[in-house]
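Chemist: Here are the chains, one letter per residue:
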Amino acid sequence: MSGVLTALTDAGQMDTGEAILFWVLAPLIVIASLGLVFARKAVYAAVSVISVMIMLAALYVAQEAPFLGMVQVVVYTGAVMMLFLFVLMLVGVDAGDSLVETVKGQRIIGVLGGLGVLAVLSGVVGTAVYSQPSGLAAVEEAVTNPVGLAYVIFGQHAFALEVVGALLITAALGALVLTHRERLIAKLDQRTRLDARMRALAGGGTVTPLPAPGVYARHNAMDVPALDPEGRPIESSVNRVLKVRGQEADADEYAARVDRVLAGGWADAPEVTEAPAAPEVDAAPEADGAATDEPGDGPSSAAPETGADR
Amino acid sequence: MSLMSYVVLAAVLFAVGTTTVLVRRNAIIAFMGIELMLNATNLALVTFARMHGNLSGQVLAFFVMVVAAAEVVVGLAIIVAIFRARRSVSVDDVNLLKDVRDPA
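Respectively, the protein sequence lines represent chains P and L. Heads up: the first sequence begins at 1 in my numbering, then just goes up one per residue. Heads up: the second sequence begins at 311 in my numbering, then just goes up one per residue.
If you're looking for bench data, these hints aren't it; they were derived computationally from the structure. Quick caveat: nothing in here was measured; it's all calculated off a predicted structure. Beta carbons: idealized from backbone N, C-alpha and C, even for Gly. A portion of the hints provided could be inaccurate.
Facing chain P, from chain L, some residues (calculated, C-beta under 8 Å) [said to hold, decoys possible]:
no.	residue
1	344
2	374
3	378
Covered, in the sense of this in silico footprint (three residues per stretch, anywhere, with C-beta under 8 Å from a C-beta of chain L), are these stretches of chain P [to be verified]:
no.	segment
4	70 to 80
5	163 to 170
6	196 to 209
7	232 to 238
Simulated crosslink set (BS3-like; lysine-lysine; CA at most 30 Å straight-line) [to be verified]:
no.	chain 1	residue 1	chain 2	residue 2
8	P	41	P	104
9	L	408	P	243
10	L	408	P	187
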């Protein structure tokens, strides 16, 4: 790697390898940066800027600045652009530009302004006189690039570095203050929630969660109310959305079935109940196939079996 | 082939960033245009450091990166705060200070 780097950057002149790297990367960089102007969605623009930054990092490494190349990848691509993506997700990824122009002809003026900046800059770049590039080999004769940078930063610019540290802390605090939201009501802690539920219990509420529908009942479906231990349907176990839509199964029908079984009859039809004098309650489900099982029967019958197994 | 081409590339990138800021009305995209301009400046600084055999250009680019990071943090926080208040990230919708009276 370092051998390649020195070959690329010998004496500050661009040799063939670096020229190939530049002419491959530079058009890609320009195309990707144009994505920022033309991309309709902000996420595409962010992705194109990320690719621009990664390719710029490669150019830094080729230009005897490997430390800045790594910092470019870590800070810009890794931190700054990820922050951009987070904010994009926060405000909604499909928040596109409005096509209504508030200022008439703003796009044309904007593009003309950009071209004007390009003209001014290229005029400056074209007319400036450049000395023979000297390269950084002379100042980095004994040290690597990060060490050479460290000598300059912590030697000549130590105070600026401290000021920049203060700036970073201030920026972090500023972000905290700007995104801080005042609470309109006091925060509900666990104790307040518990007290509220106990007060609601005195007024007829429940402390526990509501029972799930269909459990202990004949069906395993959402629209069938659960049965309590006495065989009564629990109306509150069915989701109120189903009640609003009218998709709830009739609770009274199930209550009537339970009543018939408890009275010693068949669960299903009233005319069948007259035929047998006293049918066994336990036998009714098997014979009927659709009858309500007697509540509490399952656990009580299951217990002896497990006992026998042991 | 001289190092000029890097400076030209930096100029082009800077112009594209300027165009983005002038044309796009989504505040986040305009902000990314500013980032692109800062990156173009960094490329020019790195090139000049190599041209003159002086590490100060790279140090300056390093400080530009740090300041850009701080700027992004504050700027995105402002964008999020405006989005919470106005449910929009378009720079056209932030017009509370505009004088909307009829020019009588």
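Chemist: Which numbered hints turn out to be false for this structure?
Modeler: Of the numbered hints given earlier, those the structure breaks are 1, 2, 6, 7, 9 and 10, listed in rising order.
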